[in-house]
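Chains as they are written, first to last, in the working numbering: chain Z, 13 to 885; chain U, 1425 to 1595.
These aren't lab readings, by the way, just hints derived from the structure by calculation.
There may be inaccurate statements among the hints.
To be verified - Part of the chain U face toward chain Z, derived, beta carbon under 8 Å: (1) Leu1439; (2) Glu1451; (3) Leu1455; (4) Val1476; (5) Ala1483; (6) Asp1488; (7) Gln1493; (8) Thr1526; (9) Ile1554; (10) Ala1569; (11) Gly1570; (12) Val1575; (13) Lys1576; (14) Asp1585; (15) Val1588; (16) Pro1595.
Every value quoted in this text rests on a predicted model; they were computed, and no experiment measured them.
Just so it is clear, CB atoms sit at the ideal spot from N, CA and C, and this is done for glycine as well.
What follows is each chain in one-letter form.
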Amino acid sequence: MPTIHIDKIPYAVKAGRNLLEACLGLGFDLPYFCWHPALGSVGACRQCAVKVFKDGQDTRGKLVMSCMEIVKEGMLVSIADEEAAAFRSQIIEWLMTNHPHDCPVCDEGGNCHLQDMTVMTGHNYRRFQYKKRTFLNQYLGPLIHHEMNRCIQCYRCVRFYRDYAGGNDLNVFSAHDHVYFGREKEGVLQSPFSGNLAEICPTGVFTDKTLKEHYTRKWDLTTAPSVCQHCSLGCNTTAGERYGTIRNITNRFNGEVNGYFLCDRGRYGYAFVNSVNRVVQPLLRHRAVESVDDVTLMEALTMRMAHQKLIGIGSPRASVESNFALMQLVGKENFYQGVTEELAYLEKRIVDVLGSGALHCSSLGEIAGSDAVLVVGEDVWNTAPVMALAIRQAVMKKGFLANTTVAPSPLDEISACTLHAAPDDIARLGFAIAHLLDPSVPPVPTASEEIQRTATSIAEALRTARRPVIISGASCYNEALIRAAYAIATALDPTERKVGIAYVLPECNSMGLAMMRAPSIDAAIERTAFEHDLTVLVLENDLYRILPAKKADDFFRRFKNIIVLDSLNNLTTEKATVLLPAATFADGDGTLVNNEGRAQRFYQVFIPANQHIKESWWWLWKLHTALTAASNGHECHPDEVLARLETALPQFAGISRAAPPPDFRIHGEMIPREPHRYSGRTAMLANLSVSEPKPRQDSDSPMTFTMEGYQRIPPSPLIPFFWAPGWNSVQSVNKYQQEPGGALKGGDPGIRLFEQKAGADRVLFTDPPDAFAVRDQKWMLLPQHHVFGSEELSGTAGAIGELTPAPVVALSPRDARQLGVVEGTIIRLRMDQEEVSLPVKIQEGLCNGVALAPAGWPGMAASNWGTWVNISA
Amino acid sequence: MLTHLRTMWLVFLHLFHKKATIQYPEEKIRLAPRWRGRIVLTKDPDGGERCVGCYLCAAACPVDCIALQATEDEKGRRYPEFFRINFSRCIFCGYCEEACPTYAIQLIPDFEMGEYARENLVFEKEDLLIDSEGKYPGYNYYKVAGLDAGVKAKGEGEKEDPPVDIHSLLP
Chain Z
13 MPTIHIDKIP YAVKAGRNLL EACLGLGFDL PYFCWHPALG SVGACRQCAV
63 KVFKDGQDTR GKLVMSCMEI VKEGMLVSIA DEEAAAFRSQ IIEWLMTNHP
113 HDCPVCDEGG NCHLQDMTVM TGHNYRRFQY KKRTFLNQYL GPLIHHEMNR
163 CIQCYRCVRF YRDYAGGNDL NVFSAHDHVY FGREKEGVLQ SPFSGNLAEI
213 CPTGVFTDKT LKEHYTRKWD LTTAPSVCQH CSLGCNTTAG ERYGTIRNIT
263 NRFNGEVNGY FLCDRGRYGY AFVNSVNRVV QPLLRHRAVE SVDDVTLMEA
313 LTMRMAHQKL IGIGSPRASV ESNFALMQLV GKENFYQGVT EELAYLEKRI
363 VDVLGSGALH CSSLGEIAGS DAVLVVGEDV WNTAPVMALA IRQAVMKKGF
413 LANTTVAPSP LDEISACTLH AAPDDIARLG FAIAHLLDPS VPPVPTASEE
463 IQRTATSIAE ALRTARRPVI ISGASCYNEA LIRAAYAIAT ALDPTERKVG
513 IAYVLPECNS MGLAMMRAPS IDAAIERTAF EHDLTVLVLE NDLYRILPAK
563 KADDFFRRFK NIIVLDSLNN LTTEKATVLL PAATFADGDG TLVNNEGRAQ
613 RFYQVFIPAN QHIKESWWWL WKLHTALTAA SNGHECHPDE VLARLETALP
663 QFAGISRAAP PPDFRIHGEM IPREPHRYSG RTAMLANLSV SEPKPRQDSD
713 SPMTFTMEGY QRIPPSPLIP FFWAPGWNSV QSVNKYQQEP GGALKGGDPG
763 IRLFEQKAGA DRVLFTDPPD AFAVRDQKWM LLPQHHVFGS EELSGTAGAI
813 GELTPAPVVA LSPRDARQLG VVEGTIIRLR MDQEEVSLPV KIQEGLCNGV
863 ALAPAGWPGM AASNWGTWVN ISA
Chain U
1425 MLTHLRTMWL VFLHLFHKKA TIQYPEEKIR LAPRWRGRIV LTKDPDGGER
1475 CVGCYLCAAA CPVDCIALQA TEDEKGRRYP EFFRINFSRC IFCGYCEEAC
1525 PTYAIQLIPD FEMGEYAREN LVFEKEDLLI DSEGKYPGYN YYKVAGLDAG
1575 VKAKGEGEKE DPPVDIHSLL P
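Please construct the entire structure, taking both the sequences and the accompanying hints into account.
As structure tokens, this is what we get:
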């Protein structure tokens, strides 16, 4: 570790870092704009100037841009040097000559890197007497607001959008002091990562458009560490609340998971929390007055449930606590996963692989740092967008990428090798690769020459890789793909390299639910055909999304009592005889297990004014105690549920360490959810009652709903917001990291439940499937996921709705010709028990014999995926 | 003894001094324009609401007695959807006025706010908004701001060049 002298004091710093990183890492406040830990240095803004001296005798020194200077042993640096400080102040003054007088109406204000840096350099009075340059804005879609006057030309937006995220519709135009960042023509930004522009822009050129609808300053938000609910990756987020509604979602840095960036589904999918479609009142249906108070409700429930056989349907989008509380209430043998048999089978296979410890399951951070990535069949771009972003980073660092998917994907353009084929054929390619890497894997019979050629080139790249990652997933509803990914990963010799595997799952807690190893919904349907007088509890699950409507209707008809817990009204809640309002991620606590097996806690952001809204596990525990009369008035906390879970299901060992316990204190203080500048406490509720109520207490976590408490850096799972003195914007994350861009202090949050073990047994067979055979007048129906609209909660409302593509059925050009249909023709899909009419999209590159239908679309039940359907024009 | 007499003499002399007491409320005290009393929200010279809902007054308030919610009209002009001051908490420090970047919130020389019920001291926007520019006539924030909120188009502000033609490469 080289030693550098900053203002005559020696410091040991990490070799290979630039001077700016070293200074920031040591806690110095050095202003900067164009440098970003994820984007690197370009030395364009001239803001981070410091003095470097040749030797002890050198008194003049020279100004250098610290972000462009690599630390060297014995370097003599001065940050406080008068000339350097004056230079930095002058740079800001120049940047500010054209900056408009917008701060009061700018959404970035109070969360603005430019404000922070201006204050930091001491520039405070405008001396420039001439006119300001102005620009016209562009409409950039429903997610991002554009206000070009505020630009300081740091180029961060295009460096992120084009270089980091691979978008090509945002660009820089014009020249000299007229450079303009925008699109060639007004229009919606095409990249699903465009929301990050609001965070990457150091000032208010790009701001969050959905926040504008209910604008709140950062200092006025009650925030809590949260985990994204909209795919299986479990990106860390910060959710902000004011006046009882969620206002925005921002990225919460986790070096192992999402790093600095979120996808737009995660950032803008929060609208459902504030939705009018929320279940807000416990209902007892088929009564004169359906909405009931707590006492009547509990009486009615105990009466209906006592001495009844209960079965429970779990949910892949409910927390581990809620699923386990349901399992405890109904008994292990009566608990069913709320997913189809096919999916439960696939997920069981994935849990088998990861649980065996035979392979290391890669985090997103490891994927971004890998040198060869092979995607086996999964449409990562749409099912796990931030993973696609991580893959792109691996490729940008000269890594190898082979992307094999059913339909063309935006990742294809950076792949060295692509294949578009039916899932079985992709799996055969996978087994062919595995055979080339390890001859003990059986060869693929009758493999075409093209498959052999592709397999050889991919196998060659994997053989030379040091940190290869194999990615697959459940979205193709094909078990062979999961086996193929496993076969390739185990065929690679682990003594020469670190092999990683990653499986993408459908929902935020799919992994947690699958790890409970319960039977599927189909098993429940089978069982209820013979048993009578059953009561069913459906936990946060719309069965009409997974079963055909007729089958779901039949299923519900078999029960006298249907108790449904959910946060949003849907077809299943309509069937409920008892409906209980469940909390969302914003009004409840819980733990999710992401695709990597990382257990992460999300914290309640606020206590809703509506006292009926409670976490599902709270309701289920209450029912449990009411039925067994065992509670003694004892309230239940997530930690207790997790502790019981660890005893009951040892595969979850360690999950209770995902977050500090509720009695955790630092110097006797809790962690405040509100910044110390939080305003309006004595006025926000004064219209209801002029006496301020007692602050709401949180017994489930070591966090308060006030601004009082420990004011310094809390442990990494408990960071409610990023703020440091002088650093109001999200750039203050530097102060929370061990080094700029590195892990958070105390390690990145989350507990990994799967660890690699030496000498683990082989868990899956490695025999290849038969080649996909096109059938006459039958098509294999596969889901086409989309970042927007395919996921249930982010749904089709608000800004996400505007971006949801119109539903279409994609067919290959040959199949369309055969059917005699052209683009846009309405065709009828005849599935097992239902029929859907949708327009055709002719997709070049799609293989014959496959039809892609929109995932998550009403009427497209998940049980249809992977089945053969009839199509008629 | 002597001091007693001196005291009585001095008290006697006060009979001929000018009276400090006034017959309030019949007679009003003169308050300077900068006296810090009841808080109002003013309007700009064009009659538009001056408040842009920037939340700086609320942040500056040491007793946190200001709560508001910003919203926007169809032209992009920010204004408070609601603006509430709990005068039963207000200490009339004037920090809100100092923080206000648009001269919207002003403290005026009026202190006659006594109420029997504390609830009546919670003022909403309709109670606060006055049809006047208050102490700072002539200032219209949206004329000097960079953005176009329906008050002036881009480039037509007081110190603004016309919008850049981004298709031109001329200097």
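Now the hints, each set against the structure:
| no. | hint | verdict |
| --- | --- | --- |
| 1 | Leu1439 | violated, 47 Å |
| 2 | Glu1451 | violated, 33 Å |
| 3 | Leu1455 | violated, 25 Å |
| 4 | Val1476 | holds, 5 Å |
| 5 | Ala1483 | holds, 5 Å |
| 6 | Asp1488 | holds, 4 Å |
| 7 | Gln1493 | holds, 7 Å |
| 8 | Thr1526 | holds, 6 Å |
| 9 | Ile1554 | violated, 20 Å |
| 10 | Ala1569 | holds, 5 Å |
| 11 | Gly1570 | holds, 2 Å |
| 12 | Val1575 | violated, 11 Å |
| 13 | Lys1576 | violated, 11 Å |
| 14 | Asp1585 | holds, 5 Å |
| 15 | Val1588 | holds, 5 Å |
| 16 | Pro1595 | holds, 6 Å |
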